[in-house]
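Sequence lines, in order, name chains A and B. Letter 175 of the first sequence, counting from 1, is numbered 175 in our numbering, and no numbers are missing. Letter 143 of the second sequence, counting from 1, is numbered 143 in our numbering, and no numbers are missing.
Among the hints, a few may not be true.
The list treats identical chains as one, so a pair stands whether inside a single copy or across any two.
Unchecked claim - Below are the DSS-like pairs computed for lysine-lysine, each with C-alpha atoms no more than 25 Å apart in a straight line:
1) K101 / K112
2) K18 / K5
3) K112 / K18
4) K134 / K18
5) K5 / K112
6) K112 / K134
7) K101 / K18
The set of hints was computed from the structure by calculation and includes no laboratory data.
Number of protein chains: 2
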Amino acid sequence: MELLKQRIREQGVVLSDKVLKVDAFLNHQIDPALMRELGHEFAERFRTEGITKIVTLEASGIAPAVMAGLELDVPVIFARKHQSLTLTEDLLTASVYSFTKQVENTIVVSTKHLSSSDRVLIIDDFLANGEAAKGLISIINQAGASIAGVGIVIEKSFQNGRRDLERLGHRVESLARVQRLHDGQVSFIE
Amino acid sequence: MELLKQRIREQGVVLSDKVLKVDAFLNHQIDPALMRELGHEFAERFRTEGITKIVTLEASGIAPAVMAGLELDVPVIFARKHQSLTLTEDLLTASVYSFTKQVENTIVVSTKHLSSSDRVLIIDDFLANGEAAKGLISIINQAGASIAGVGIVIEKSFQNGRRDLERLGHRVESLARVQRLHDGQVSFIE
Numbered sequence: 001m002e003l004l005k006q007r008i009r010e011q012g013v014v015l016s017d018k019v020l021k022v023d024a025f026l027n028h029q030i031d032p033a034l035m036r037e038l039g040h041e042f043a044e045r046f047r048t049e050g051i052t053k054i055v056t057l058e059a060s061g062i063a064p065a066v067m068a069g070l071e072l073d074v075p076v077i078f079a080r081k082h083q084s085l086t087l088t089e090d091l092l093t094a095s096v097y098s099f100t101k102q103v104e105n106t107i108v109v110s111t112k113h114l115s116s117s118d119r120v121l122i123i124d125d126f127l128a129n130g131e132a133a134k135g136l137i138s139i140i141n142q143a144g145a146s147i148a149g150v151g152i153v154i155e156k157s158f159q160n161g162r163r164d165l166e167r168l169g170h171r172v173e174s175l176a177r178v179q180r181l182h183d184g185q186v187s188f189i190e
Numbered sequence: 001m002e003l004l005k006q007r008i009r010e011q012g013v014v015l016s017d018k019v020l021k022v023d024a025f026l027n028h029q030i031d032p033a034l035m036r037e038l039g040h041e042f043a044e045r046f047r048t049e050g051i052t053k054i055v056t057l058e059a060s061g062i063a064p065a066v067m068a069g070l071e072l073d074v075p076v077i078f079a080r081k082h083q084s085l086t087l088t089e090d091l092l093t094a095s096v097y098s099f100t101k102q103v104e105n106t107i108v109v110s111t112k113h114l115s116s117s118d119r120v121l122i123i124d125d126f127l128a129n130g131e132a133a134k135g136l137i138s139i140i141n142q143a144g145a146s147i148a149g150v151g152i153v154i155e156k157s158f159q160n161g162r163r164d165l166e167r168l169g170h171r172v173e174s175l176a177r178v179q180r181l182h183d184g185q186v187s188f189i190e
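Excised from the complex, chain A in its bound form (with noise of 0.2 Å):
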């Protein structure tokens, strides 16, 4: 997707050969526009599949997740890391490794959002070593719900994530694939 690299050019930033930081649109301060323009684009590449329902991860998934649920007309769910007070019944819970904050959390989802009678797309801002994702495909697959594809805002190529998800059988529908972060630069896969 042009406009979401073109930005990624203009304002991520490199940080090391693995992180590059967007929080200019993304991960802190949040482009409403852009995210329109990523819930469209996720929405037209899934617009065929049946969706009943979006499943994200707080907190970064949220914007995009939820503007392509205002176009797909359906729910988003966001996996908590963090248990509320409020979320009290039964719970639907995988184990999520995150390399860029280096903690293990568990993530929960209430059995009372989902059934075996959804058709979920995934969401997620960045597909790395693919760990979320696979967390969230466990509690997908836990409530019998079948799985649409995976939609990613931003891919690191150069690390296994999509390779993981491809080989348990999920389509990855990234809308920037990076291919390399060296010397401050960006390189994506065209």
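Since chain A is already given, all that's left is putting chain B on it; use the hints.
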């Protein structure tokens, strides 16, 4: 806002005299079309205020804040409760106690995204004792930005948040004001 009150009546769960659970459309599962309406209402109420930034708190504030930002055509910053490796620059911080989660969080915003020329609208999902809003106000004050007001989705009017924020001189606009939670029922201030 009648649409919101109706949804709270239909899908809200009164867990106690103090806790209202709206996981069906705001705090866990999100209704994107409802969020768009909430965003529109916030935009209407603050349209003449010259807003340049919206500031909210992860995670449940993000969806309504982004919809308001889309309509006001301004960026949305979400304060983080947990420091990320990619948040490396100078940080504005405040300490916030969450009664719901019974934890003290340090919330952070990068100095990079807020400046003294900003005029800020704060948006959050709930107003109870006003702890989160006061933390955000502290951060915005540290940046030297001005505050146009506080937009709240659901105010628990039987707690002290509104009173405290108004005493600090802030305009509070709540889309639903809950007078009382009792016997599984929600009463609103009309």
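We went through each hint and held it up to the structure:
With identical chains, the CA atoms of K101 and K112 are at most 25 Å apart between copies only, with a shortest distance of 21 Å across copies and 29 Å within one. For the identical chains of this complex, K18 and K5 are intra-copy neighbours only, at 17 Å inside a copy versus 46 Å across copies, given an alpha-carbon limit of 25 Å. In this assembly of identical chains, K112 and K18 lie within 25 Å of each other by CA distance solely across copies; the values are 22 Å between and 37 Å within a copy. Taking the closest pair of Cα atoms, K134 and K18 come within 25 Å of each other only inside a single copy of the chain (20 Å); across copies the shortest separation is 36 Å, beyond that limit.
For the homomeric pair K5 and K112, the shortest alpha-carbon distance between copies (22 Å) is at most 25 Å, but the shortest distance inside one copy (37 Å) is not. Taking the closest pair of Cα atoms, K112 and K134 come within 25 Å of each other only inside a single copy of the chain (21 Å); across copies the shortest separation is 33 Å, beyond that limit. For a Cα distance limit of 25 Å, the shortest separation of K101 from K18 inside one copy, 13 Å, qualifies, whereas the shortest one across copies, 34 Å, does not.
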